[in-house]
Amino acid sequence: GAGFPGLALKIVWPETRARLLEPNGKKAAFLKEVIRACGVSGAQVRAERLEEQTAADPFWPASLITLRAVKLSEDLLASARGLLEPEGCVALFLGADAAAEASAWSGFRWQPPARIPHSERRVVLLGSKSSTTG
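Counting in the numbering used here, the final residue of the sequence shown is number 130, and the numbers go up one at a time with none missing.
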């Protein structure tokens, strides 16, 4: 979703490494320009989808993967799970109905959805990868 929440989290936690995946070339170019203009270091933009990432890439595994403005599927969540550290987690920014559906998927221990302030139906759903989920 145009670098949110990834870029915002990178600004809040400047010591972290961030890879922003944006398959839309124009949005990816915009993110690169924002990073350059703001002098943000340790952030990388790739015009790719999460499903195109491989665990062989030295950037992975990640401790946190955020997903926003994507069509959720079990395959997408399986890809995210495969790119996480053993105790990593995924944060999904989505509607309440989609959160109810996503929380039924296996592979993560899901926390109850947290409502996004000033939003009527948007929530954040956190899922932890753990050894007990496979």
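Wrong hints could be hidden among the right ones.
With a Cα cut of at most 30 Å, we get these calculated DSBU-like pairs of lysine-lysine [unchecked claim]:
no. : residue 1 : residue 2
1   : 67        : 22
2   : 28        : 67
3   : 67        : 23
Quick list of the computed label-pair ranges, beta carbon to beta carbon [as the list claims (entries may be wrong)]:
no. : residue 1 : residue 2 : range
4   : 105       : 69        : 31 to 37 Å
5   : 113       : 93        : 26 to 32 Å
6   : 48        : 26        : 30 to 36 Å
7   : 100       : 50        : 37 to 43 Å
8   : 55        : 33        : 22 to 28 Å
9   : 97        : 4         : 21 to 27 Å
Treat the hints as calculated values from the structure; they're not laboratory data.
Virtual Cβ for every residue (Gly too), placed ideally from N, Cα, C.
Checked hints:
Between residue 67 and residue 22, the direct Cα distance comes to roughly 20 Å. Compliance with the 30 Å bound is thereby established for this hinted pair. The hinted pair formed by residue 28 and residue 67 meets the criterion: a straight-line CA distance of about 24 Å does not exceed 30 Å. Taken as a hint, the residue 67 and residue 23 pair is honoured in the structure, with Cα atoms around 18 Å apart against an allowance of 30 Å. Between residue 105 and residue 69 the beta carbon distance is about 19 Å. The supplied range of 31 to 37 Å is therefore violated.
Between residue 113 and residue 93, the C-beta spacing of about 19 Å breaks the proposed range 26 to 32 Å. A beta carbon spacing of about 20 Å between residue 48 and residue 26 contradicts the range 30 to 36 Å that was offered as a hint. Hint check: residue 100 to residue 50, Cβ distance near 27 Å, so the stated range 37 to 43 Å is violated. Range check, residue 55 to residue 33: about 23 Å between beta-carbon atoms, so the 22 to 28 Å window is met.
The hinted window of 21 to 27 Å between residue 97 and residue 4 holds, with their beta carbons roughly 26 Å apart.
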